[in-house]
Every structure is written in C-alpha cells, then in structure tokens.
Amino acid sequence: MLQVNFIRQNKETLIQRMKVRGLDVADKVEKILELDDLRKHLQYDSDNRKAENKKASGSFRSLSQQGKKNELEELRNQIASNKNTIKENESKLDKTKEELYDILVALPNMPHESVPAGHTDEDNEVFKAWESDLPSLHEGAVPHWELAKKYDIIDMETGAKIAGAGFPLFKGKGAQLKRALVNFFLAEASDAGFLEVLPPHLVNKDTAFCTGQLPDKEGQMYYVTEDDLYLIPTAEVPVTNMYRDTIVSESDFPIKLTAYTPCFRREAGSYGSHVRGLNRVHQFEKVEIVMIEHPDRSYDTLQYMLRHVEGLLKKLELPYRILRLCGGDLGFTSALTFDFEVYSAAQNRWLEVSSVSNFETFQTNRLKCRFKDENKKSHLAHSLNGSALALARIVAALLENNQTADGIIIPEALRPYTRFDKID
RNA sequence: GGAGGAAUGGCAGAGUGGUCGAAUGCACUGGUCUUGAAAACCAGCGUACCGAGAGGUACCGGGGGUUCGAAUCCCUCUUCCUCCGCCA
886 MLQVNFIRQN KETLIQRMKV RGLDVADKVE KILELDDLRK HLQYDSDNRK
936 AENKKASGSF RSLSQQGKKN ELEELRNQIA SNKNTIKENE SKLDKTKEEL
986 YDILVALPNM PHESVPAGHT DEDNEVFKAW ESDLPSLHEG AVPHWELAKK
1036 YDIIDMETGA KIAGAGFPLF KGKGAQLKRA LVNFFLAEAS DAGFLEVLPP
1086 HLVNKDTAFC TGQLPDKEGQ MYYVTEDDLY LIPTAEVPVT NMYRDTIVSE
1136 SDFPIKLTAY TPCFRREAGS YGSHVRGLNR VHQFEKVEIV MIEHPDRSYD
1186 TLQYMLRHVE GLLKKLELPY RILRLCGGDL GFTSALTFDF EVYSAAQNRW
1236 LEVSSVSNFE TFQTNRLKCR FKDENKKSHL AHSLNGSALA LARIVAALLE
1286 NNQTADGIII PEALRPYTRF DKID
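Here the first sequence is numbered in the numbering used here, starting from 886 and rising by one per residue.
Read the hints as simulated data drawn from the structure, not as lab findings. Fair warning: this is a prediction, and the values are worked out from it, not measured in the lab. Heads up, a few of these hints could be off.
[Stated by the list, open to error] Simulated pairs of lysine-lysine, DSS-like, Cα-Cα distance not exceeding 25 Å:
1) K1056 to K1046
2) K939 to K972
3) K1307 to K1199
4) K913 to K935
5) K982 to K1090
6) K940 to K968
7) K977 to K913
8) K1199 to K1058
9) K982 to K1102
10) K916 to K939
[To be verified] Label pairs and their in silico Cβ distance ranges:
11) K916 to K972: 25 to 33 Å
12) N969 to Q1168: 22 to 30 Å
13) K916 to E1031: 53 to 61 Å
14) D1018 to K1262: 49 to 57 Å
15) D1130 to G1049: 16 to 24 Å
16) N1089 to K916: 26 to 34 Å
17) K1034 to E897: 53 to 61 Å
18) E1111 to D1018: 50 to 58 Å
19) E998 to P1085: 56 to 64 Å
20) E897 to S949: 54 to 62 Å
21) Y1107 to D1306: 32 to 40 Å
22) E1202 to E897: 28 to 36 Å
23) L1019 to Q894: 29 to 37 Å
For every residue, glycine included, the Cβ atom is placed at its ideal position computed from N, Cα and C.
Sequences are here, hints too, so could you generate the full structure?
Put into structure tokens, the structure is as follows:
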C-alpha cells in the first residue's frame, strides 16, 4: 500500500509510472489527496474540542469542592454539547478514512523506472539471455509426464484419487530427488547467510493482508472457513510477516531469511495443455528467500538475490534466461520483478521457476516494519523476496533435459544429496 | 474440549476513578571523571497523527460502554500461562 504522503510528493511521477501498468490513476490520486485534506481538517477540529473538554474537566474538582452548583451545571452542558459535535465529527472522520482506505488498498505498487510498458508476458524484456546452444535431445525424447510414468516416479492419477487433479504424488527416486533439491537449495541459502526458518503453513487474515495477498488475491488461496485461516500460497507470506510491527535498527540490515514450505494455489480458471504434468499444480514445494533492507540499498540487494538464484541454476546445469517483467505482467505488490525461466527441452518451452521482486515500502507500510536512522527518525524498510527455487518445474526441466537412452542423469552438484546418479 | 489466572513503555515491574504518557530497576544514548576502560554521578530515552513552530490529540492486548474525568469500573473479543481430558 502506498503512503499518502508519498503520493502527495510524487503525484506526477506516480501518474506517469502507473501508465506502464496500463492504468490511468489521475482521478484516483486527486480523490486521495482531497480525502486526506478532509481527514486532516476533521481531525484537527476534533482534537481542538477534545483539548477544550480536557481543560474544562480539569477545573471540575475545585468547583465542586467550592459547591458552585450553577457553574458545574454550565460546565457539564458545555462539555456535553462539545462531545456531541465531536461524535458527529468522528463519524464523518471514520467514513472519510474508510473511503480513503478503500482507494489506497486497491492501488498497486508504483513500478520502478526501469519497468518497460506492456500488457502481457510477451512484452517482458529479456534481461539476460541464454547464449550457448539450447540442449538438443536424442531421438525419441519425451516430456516429463511421460518420463514420470516410465520410471514410476510421479503418480498424477493416485494424487488425483487422494486429493484431486493438480496434486502430484512423488514416489521412490522422484520423492528422493525432490528432497535432495530442497536440501541443496537450503544448504546454498544457509551458506549465503540466510537464516532458515520453518514457519506456519496456515496464516490468518492480517498476515495475508500485510504481504498483499488480501484483498487482491482472495480467490487464489485455499481458505479454511472453520478456523478462518488461509493455506499459504508462498513462504513469502508467513516469513515477511515475522517483521510485522517491528522497528529494527539500521545495523540489522540486511535481514536475510529462507524457508522451505509447500505452496498451495487454487489456480482457478487454469486449463489446457500448458497446465499438463508439473507445469501447473495446486501444491508444490519451494525454497524462498526473503530480505528486509535499507531503502538506499534495496536495488543492489535485488541484484544480489538474482545472482544467488542464478548460481543455483548454474550448479544444476539448466539453461535459463532472466526476464524483466513489463508493467502489465508485474504483480500488484511489486515495483520491479525479474523472472527466471528454465528451458524445458522436450516441451520446447521456457518454464518460470523463480520470481525475484523488490516491493520497496508497499508491504512494509502494511506491516509497519520500520528502522531508525541516526537521528532516531523512523522510516519504512524495503522488503524483497525470490524463489530459490520452486521445485515442481525444476523437476520437470531436470527430467526432460537430462534424459538419455538409458536413464535420467542427475547433475553433479545434486549427487551428494540424492546419493544416486541416475534414474533408470 | 473443561476449570482457573494473566495481558502496562526494549525488558522487568508499580499503579484499582482526577495533575498518569504512566513510579522504579535494567538496557540504551549523550556528558562529567579517567592515560583508556569499568564503576560512580548528571542528563536524555515509547509510537502515531496534525502543526513552520509553540504546542495539540490518540494509544496501558483489540473493540464497545459508564463518567465532567478511565490504565483503573462494566460488556465483549483475542492471545498467553497453569491444571484436567484427548493426542502426532
């Protein structure tokens, strides 16, 4: 959520930048400023009347000790009438705040200056392309869902029987490969100085609101009505909320956290061949990295996170490219996002395996996550996160790209974790 | 699930209707002293909004109420702790 003061000071920039998302927010911005002025006015008036009443009730005791009944009565009336005005004022104030909030909460983050304009994923800019040749497969190479069947490592049918379509069941070396990937990713994150946490996998409304899933993505999350809880769509949600209502000191930066969790997504409305196999599922596993950083350094930190993710893909020997998302494809809460895509040879397409974003103060404003500068003034911190990495699609790409006539070869870096070097 | 108890500033912990934004201790920051450090002493030290400033207002788990006046009384919700039951 953007701050009103920020909007006030950066009105023209905001209107211009929102255009890359395809939004015209000029009217909304005017309305926000107008409502905020009204809010200030009403509050000022109420504050003054409250101050008057406070003074008046201060003299109450001495008057009553002196037995001045008439004065007391007059005082009581004066306070009562003031109180009525305050009450009316405050109900107007509440309405104004609500109206203001409704507009603010529906306003997405302001895109970073480097975000290209565009509507769909086709307008995304290739930030770093894969420069070597893409792997060419042997005669008779097949997509991962067929490999999964052939080696009996992923069982979609049984998953569907147990839960429903889109809930894969991993078996044998398939399950072990996933566990190996998780351990590999967590070990890499730990080595890079990220603190591992294992957060709750269900979260309450406040938590889902603060990282921006509510109200924007209400229908995308599984919701447990009985207990009023949401299943997490990503570890970003519980992990970032560790810093809700906190004031950190500047020396705590950069805060680096990592977590492995399952991710649950309803993916309502998805269908067709591009959702086949592991391409799009309701439950997948992911190692997430989250950082809280000083505003001056958050874009350097974003690059640092990019390098971390890149390192993982290099070690896994997977062909990848990095995209800078265009305005139309940019998430609601993000100011700048880079997507990592891995080339899936048998499907001959790029699969998104990571999304690394800087949210600037969009989340921390809701979280109230602040730090104090040397003058003890508090400012909102910046929050960032990225997948490092999402498992299902990495598995899909590994299976497809590494298939040979006599089995699927496990990349060197992963073998200490799998304890086998081939799936056959 | 049943029965009790608790929730106050970074932490600990006073405060049961009036001058309490809140004693005290610890922690922290600045200063004095010291070759340096420690100790001691002095001063400062919550958050947010409005205001150029002086200053004003709100906040003692959340919400509502009583009262001229609420941290303090009433209602309600939430969380935590203890005991019993159940249990990975």
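Evaluation of the provided hints:
1. Among the hinted pairs, K1056 with K1046 is consistent with the structure: their alpha-carbon atoms are about 15 Å apart, no more than 25 Å.
2. Restraint check for K939 and K972: the C-alpha separation of about 15 Å stays at or below 25 Å, so the hint holds.
3. At roughly 19 Å between alpha-carbon atoms, K1307 and K1199 fall within 25 Å of each other, so this suggested pair holds.
4. A hinted pair counts as satisfied when its Cα atoms are at most 25 Å apart, and K913 with K935 does not qualify at roughly 32 Å.
5. Between the alpha carbons of K982 and K1090 the distance comes to roughly 20 Å, so the proposed pair stays at or under 25 Å and holds.
6. About 14 Å separates the Cα atoms of K940 and K968, which keeps this hinted pair within 25 Å; it holds.
7. Between K977 and K913 the CA atoms are separated by roughly 20 Å; this keeps the pair inside 25 Å, and the hint holds.
8. Under the criterion of a C-alpha separation no larger than 25 Å, the hint pairing K1199 with K1058 is consistent with the structure, at around 23 Å.
9. For a cut-off of 25 Å, the pair hint linking K982 to K1102 stands: about 23 Å separates their Cα positions.
10. Note on K916 and K939: the hinted pairing is violated, with a Cα-Cα distance of about 34 Å set against a maximum of 25 Å.
11. With their beta carbons about 26 Å apart, K916 and K972 fall inside the hinted range of 25 to 33 Å.
12. At roughly 56 Å, the beta-carbon separation of N969 and Q1168 lies outside the given 22 to 30 Å, and the hint is violated.
13. Under the hint 53 to 61 Å, the C-beta atoms of K916 and E1031, about 55 Å apart, fit the expected range.
14. Evaluation of the 49 to 57 Å hint for D1018 and K1262 yields a pass: the beta carbon distance comes to about 54 Å.
15. Under the hint 16 to 24 Å, the C-beta atoms of D1130 and G1049, about 37 Å apart, miss the expected range.
16. A hinted range of 26 to 34 Å for the beta carbons of N1089 and K916 is consistent with their spacing of about 31 Å.
17. Under the hint 53 to 61 Å, the C-beta atoms of K1034 and E897, about 58 Å apart, fit the expected range.
18. The given range of 50 to 58 Å is respected by E1111 and D1018, whose C-beta atoms sit roughly 54 Å from each other.
19. At roughly 37 Å, the beta-carbon separation of E998 and P1085 lies outside the given 56 to 64 Å, and the hint is violated.
20. Taking 54 to 62 Å as the suggested C-beta distance range, the pair E897 and S949 conforms, at roughly 59 Å.
21. Between Y1107 and D1306 the beta carbons are some 37 Å apart, a value that agrees with the proposed interval 32 to 40 Å.
22. In this structure the supplied range 28 to 36 Å is violated for E1202 paired with E897, their Cβ-Cβ distance being about 48 Å.
23. Take L1019 and Q894: their Cβ atoms lie about 47 Å apart, and the range 29 to 37 Å is violated.
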